[in-house]
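K.L.:
One letter stands for each residue in the lines below.
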Amino acid sequence: MTKSELIRRLSDRYPELAQRRIFDRIVQAVFEEISRALEQGDRVELRGFGAFSVKQRDPRIGRNPRTGDAVAVASKRVPYFKTGKLLRERLNSKAAD
Amino acid sequence: MAGQKTLTRADLGEAVYQEVGLSRNESADMVEAVLDEISGALAEGEGVKISSFGSFIIREKRERTGRNPKTGQEVPISPRRVLIFRASNILKNRLNGKKK
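From first to last, the protein sequence lines stand for chains A and B. Numbering that gives the first Met the number 0 puts the first residue of the first sequence at 0, with every later residue one more than the last. Numbering that gives the first Met the number 0 puts the first residue of the second sequence at 0, with every later residue one more than the last.
Next up, chain B with everything else stripped away, as it sits in the complex:
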């Protein structure tokens, strides 16, 4: 995509700084705290739902047999938790230029 930018924590910190009356340092700390609280909940196996944005859902995957694509050798893939993000309809619509 032409002219695509990549935002980072610094940009989110700046957005918080512009929005609330905290220092730049404190604003950066707040962004970190938000991400940390979300990560912490997910690490406990708790889903996170941010209305009008989307949901982070934990899926429990059972053990299955995979293959090393280089050698073709079969290897067991241990059971694991994976994270899935489901965007809200509001966010999906925003990406497609719809009002609601």
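Here chain A stands alone, though its shape is the one from the complex:
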């Protein structure tokens, strides 16, 4: 499912709102807010769904896999997602049937 497919499914779910193309802005606002929080180093905790956080990676000496040359890799921040308990269970409910 892509972002546009998500927007389409939401429009189908709420046909009374769909004609205002409101779901483009809703989906945009949700992911922009999460991105902005992560940018500031904050966490986003969505119970039942999961939690987004930022992890700090130390600087390291990496290697160019083609040439084997050592290259310095600067420290960086990477986004991390931990799946929530309820969603994890939903992912596996089909298999358990």
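It is worth saying that the hints were derived from the structure and are not from the lab. Here the structure is a predicted model, which means the values were calculated and not measured. Hints should not be assumed to be uniformly reliable.
[To be verified] Once the Cα atoms are required to be at most 20 Å apart in a straight line, the calculated EDC-like pairs of lysine to aspartate or glutamate come out as:
1) B/48 with A/57
2) B/91 with A/38
3) A/2 with B/31
4) A/54 with A/68
5) B/97 with A/57
6) A/81 with B/31
7) A/2 with B/18
8) A/84 with B/45
9) B/4 with A/31
10) A/2 with B/45
11) B/91 with A/31
12) A/81 with B/18
13) A/81 with B/59
14) B/97 with A/88
15) A/81 with A/38
16) B/4 with A/38
17) B/91 with A/41
18) A/81 with B/45
19) B/48 with A/4
20) A/84 with B/73
21) B/48 with A/23
22) B/60 with A/11
23) B/91 with A/57
24) B/4 with A/88
25) A/84 with B/31
26) B/97 with A/41
27) B/60 with B/43
28) A/2 with B/43
29) B/91 with A/11
Dock chain B against the given chain A, drawing on the hints supplied.
P.N.:
This is chain B only, laid out in the frame that chain A set:
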């Protein structure tokens, strides 16, 4: 990290409320609907790709033997689906203060 905050559904609801002309209650419902549609797709084994944000990918794990770390006893770990989030380059760059 100093001064770290934790955002919740309420903050996302507020962001939607500020962005579109719905009530606070309706805005909260919309956040829930977004999360529910994503969860529903994932529960069906369908990956979800949100451009400029990232992708939620389903991995099928085979059965393997694990160990109870407390007792050291071997236990079979049943095959399962796990969810992996891969951030887009745009999001990764934003976290590191790069423009694009």
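K.L.:
When the structure is checked against the list of hints, which entries are broken? Sort them ascending.
P.N.:
Violated: hints 1, 4, 12, 14, 20, 22, 24 and 29.
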